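Using the sequences and the hints given, assemble the complete structure.
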Amino acid sequence: MSSGFKFDASQPYQLDAIKSVVDLFDGQPKDAEKLETTLRGQVAALDETENAALDLDLSQEVGAVGNRLVLDRDTMLANLQRVQDKNGLEVASKLFDDSALDFDIEMETGTGKTYVYLRTIFELAAQYNFTKFVILVPSVAIREGVNTSIRLMRSHFEDLYKKRNITFDSSFYSGKTAEEVQSFATSTNVQIMVMTIDSIRGNANTRIIHQTRDKLNGLKPIDYLKATHPVVIMDEPQNMESLLSQSAVSELDPVFTLRYSATHKKQRNVVYRLDPVDAHDLGLVKEIVVAEVAQQGADATPYIKLVEVRREPSWSARLELSCRKADGSLERRVVSVKQHQELSDARLTNNPIYEGWRINEMSIEPAYVDLTTHGFLYEGESIGASAGAIYKEMIRETIKEHLRKETQLRAKGIKVLSLFFIDKVESFLGNGSNNNDANGQFVQWFDEVFVEERAKSARYQELLPQAPSELRRAYFSQIKRGKTTTFQDSSGTTKADDDAYELIMQQKERLLDENEPTRFVFSHSALREGWDNPNVFQICT
Numbered sequence: 017m018s019s020g021f022k023f024d025a026s027q028p029y030q031l032d033a034i035k036s037v038v039d040l041f042d043g044q045p046k047d048a049e050k051l052e053t054t055l056r057g058q059v060a061a062l063d064e065t066e067n068a069a070l071d072l073d074l075s076q077e078v079g080a081v082g083n084r085l086v087l088d089r090d091t092m093l094a095n096l097q098r099v100q101d102k103n104g105l106e107v108a109s110k111l112f113d114d115s116a117l118d119f120d121i122e123m124e125t126g127t128g129k130t131y132v133y134l135r136t137i138f139e140l141a142a143q144y145n146f147t148k149f150v151i152l153v154p155s156v157a158i159r160e161g162v163n164t165s166i167r168l169m170r171s172h173f174e175d176l177y178k179k180r181n182i183t184f185d186s187s188f189y190s191g192k193t194a195e196e197v198q199s200f201a202t203s204t205n206v207q208i209m210v211m212t213i214d215s216i217r218g219n220a221n222t223r224i225i226h227q228t229r230d231k232l233n234g235l236k237p238i239d240y241l242k243a244t245h246p247v248v249i250m251d252e253p254q255n256m257e258s259l260l261s262q263s264a265v266s267e268l269d270p271v272f273t274l275r276y277s278a279t280h281k282k283q284r285n286v287v288y289r290l291d292p293v294d295a296h297d298l299g300l301v302k303e304i305v306v307a308e309v310a311q312q313g314a315d316a317t318p319y320i321k322l323v324e325v326r327r328e329p330s331w332s333a334r335l336e337l338s339c340r341k342a343d344g345s346l347e348r349r350v351v352s353v354k355q356h357q358e359l360s361d362a363r364l365t366n367n368p369i370y371e372g373w374r375i376n377e378m379s380i381e382p383a384y385v386d387l388t389t390h391g392f393l394y395e396g397e398s399i400g401a402s403a404g405a406i407y408k409e410m411i412r413e414t415i416k417e418h419l420r421k422e423t424q425l426r427a428k429g430i431k432v433l434s435l436f437f438i439d440k441v442e443s444f445l446g447n448g449s450n451n452n453d454a455n456g457q458f459v460q461w462f463d464e465v466f467v468e469e470r471a472k473s474a475r476y477q478e479l480l481p482q483a484p485s486e487l488r489r490a491y492f493s494q495i496k497r498g499k500t501t502t503f504q505d506s507s508g509t510t511k512a513d514d515d516a517y518e519l520i521m522q523q524k525e526r527l528l529d530e531n532e533p534t535r536f537v538f539s540h541s542a543l544r545e546g547w548d549n550p551n552v553f554q555i556c557t
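Residue numbers (our numbering): 17 to 557.
Each hint should be verified, as a subset may be incorrect.
Using 27 Å as the maximum straight-line C-alpha spacing, the simulated DSS-like pairs for lysine-lysine come out as follows [stated by the list, open to error]:
1) K236 <-> K35
2) K179 <-> K302
3) K282 <-> K35
4) K22 <-> K179
5) K35 <-> K281
6) K428 <-> K408
7) K472 <-> K421
8) K302 <-> K22
9) K46 <-> K192
10) K102 <-> K46
11) K524 <-> K421
12) K179 <-> K35
13) K428 <-> K416
14) K110 <-> K302
15) K236 <-> K46
16) K408 <-> K281
17) K22 <-> K35
18) K46 <-> K302
Between beta-carbon pairs, the in silico distance windows are [claimed, not checked]:
19) S199 <-> A483: 48 to 56 Å
20) G448 <-> Q283: 46 to 54 Å
21) S26 <-> T228: 13 to 21 Å
22) Q254 <-> V107: 20 to 28 Å
23) E397 <-> R327: 15 to 23 Å
24) S187 <-> D39: 38 to 46 Å
25) R420 <-> N221: 52 to 60 Å
26) K178 <-> L479: 37 to 45 Å
27) Q283 <-> K46: 25 to 33 Å
It should be emphasised that the hints constitute simulated quantities derived from the structure, not laboratory data. This structure is a prediction, so every number in the text was calculated from the model and none was measured. For each residue, glycine too, the CB sits at the ideal point set by N, CA and C.
Put into structure tokens, the structure is as follows:
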């Protein structure tokens, strides 16, 4: 059995996106870099402007082999206009910014954006001899996804480009060793380095990349990168639009920047667009169907929990209520409420669900409040907390949909995955410590509902005969202390998150293998944008 994914090298819309970028540099000679960057101190003829001199000094000191763009701005604009016209885009009358060449490639999520920009690298190398590329990503999750894509696609690209003598190395910048930037800068073949924006934001006090290093002849890692004038490829640039991020990108001194996203916040020079409607019409993406679960009827009581009653400095009750935030979303917060105060008050909850709810009286011994339309609520008690019932139904809906899809797609050799984003690790693990002994609420509900739903059809029982515990798996950040491993809620940015990403992102092939029973994946909500797997059909948040 051949392992791994098979990549189709002839998807027309992907080839169009690649060609659109390549055509921007029409007229660029293949030996341009020899004009400027010379290895180990052979000085080439050069404008002796101050910048060029400084530039050359740095290149020489580093021994950099870099990218050199010799096209002037007028030629670049003419090329851009030609590409925009061909792609049916609005034709720009001038470049977005004269000081930096930024180009936008807009591709709907799930249409192979990563494949497109990786293959664009090889085309730019083959046609114009650009050799140094930095892929900038906004998070560790996306970095892991890109590294996995490169690993999975390596042999595909090697086969495609061997006749054109393109060899490449890829690495990700960790800041751990100085050598990583040295070999990137001095190597003569194609170099691809993946970096998170956080590794270059900040100054000498906060980032290794801005600190001088003995092993780098007293230079900073950033000097080595900028001496090559890399082509910078930004993946999901809308998450890197802050001024700090922008200045960090310009510090790399890119020869030009290619920005790939489905949702650009700010448009620069747009060269290609594949929007959601095009993607759907071409049959490239799965349709989204949303199922909602809501509590209805007279028993739809708003959530109220009594935390404590106080007499000092004046009578008040601390209630946990569902409060509306400035962005319109709701969060549970503990607020201090006085007698007869309307709970829907803008200063308390700003939530109309509490209209007509007030505290008639309160007591400390025993601690309780008397609520309108409810009566006594004692300290520690809550009402309207039937979120559990709703979550259980959400799990049920997801399982039902999964079983339906499994019935349709198993014969085609497609393994169906369902993904649960959960709020905290405890909801899955309970007081267990791993997948096997997990006993959190979500696990209990999942196992119970799965057995119920499977029993409804002989076909379901035949397709998924395993115990529910074999079919579900959780990926959380781990902390290892000595011989014990504990799981923690993750923010998606810490070192401890890396291993959760490794399991999810680097073992894609195993997860998609029919022999691996896992079909229901529980993950922490912070991993959201890192989840990138073609076989996820249901997502339950």
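Going down the list of hints, with the structure as the test:
A threshold of 27 Å between alpha carbons decides the hint, and for K236 with K35 the separation of about 36 Å lies outside it, so the pair is violated. Distance check on the hinted pair: K179 and K302 sit about 36 Å apart at the alpha-carbon level, beyond 27 Å; violated. Distance hint between K282 and K35 is fulfilled; the C-alpha atoms sit about 23 Å from each other, no more than 27 Å. Between the alpha carbons of K22 and K179 the distance comes to roughly 20 Å, so the proposed pair stays at or under 27 Å and holds.
Simply put, K35 and K281 have alpha-carbon atoms about 24 Å apart, close enough for the 27 Å limit, and the pair holds. Restraint check for K428 and K408: not satisfied, since their Cα atoms lie roughly 31 Å apart, outside the 27 Å limit. A threshold of 27 Å between alpha carbons decides the hint, and for K472 with K421 the separation of about 15 Å falls inside it, so the pair holds. Among the hinted pairs, K302 with K22 is consistent with the structure: their alpha-carbon atoms are about 19 Å apart, no more than 27 Å.
Between K46 and K192 the alpha-carbon distance is near 35 Å, which puts this suggested pair outside the 27 Å criterion. Restraint check for K102 and K46: satisfied, since their Cα atoms lie roughly 25 Å apart, inside the 27 Å limit. Distance restraint check for K524 and K421: the Cα-Cα separation of roughly 20 Å lies within the 27 Å cut-off, and the hinted pair is therefore satisfied. Of the pairs offered as hints, the one joining K179 and K35 holds, with about 19 Å between alpha carbons and a cut-off of 27 Å not exceeded.
Distance hint between K428 and K416 is fulfilled; the C-alpha atoms sit about 20 Å from each other, no more than 27 Å. As the CA atoms of K110 and K302 are separated by approximately 37 Å, the hinted pair breaks the 27 Å bound. Between K236 and K46 the CA atoms are separated by roughly 30 Å; this puts the pair beyond 27 Å, and the hint is violated. As the CA atoms of K408 and K281 are separated by approximately 37 Å, the hinted pair breaks the 27 Å bound.
With a C-alpha separation of about 22 Å, the suggested pairing of K22 with K35 holds against the 27 Å cut-off. Between the alpha carbons of K46 and K302 the distance comes to roughly 41 Å, so the proposed pair goes past 27 Å and is violated. Here the CB-CB span from S199 to A483 is close to 49 Å, well matched to the stated 48 to 56 Å. One distance hint, 46 to 54 Å for the beta-carbon pair G448 and Q283, holds here, with the actual separation near 49 Å.
A C-beta distance of roughly 48 Å is found between S26 and T228, which places it outside the suggested range of 13 to 21 Å. Between Q254 and V107 the CB atoms are about 24 Å apart, so this pair conforms to the stated range of 20 to 28 Å. Checked against the hint of 15 to 23 Å, the C-beta distance between E397 and R327 comes to roughly 20 Å, which is consistent with it. At roughly 29 Å, the beta carbons of S187 and D39 sit outside the given window of 38 to 46 Å.
At about 55 Å, the CB distance of R420 to N221 agrees with the hint of 52 to 60 Å. Look at K178 against L479: about 42 Å separates their beta carbons, and that is inside 37 to 45 Å. In this structure, Q283 and K46 meet the distance hint of 25 to 33 Å, their C-beta atoms being roughly 31 Å apart.
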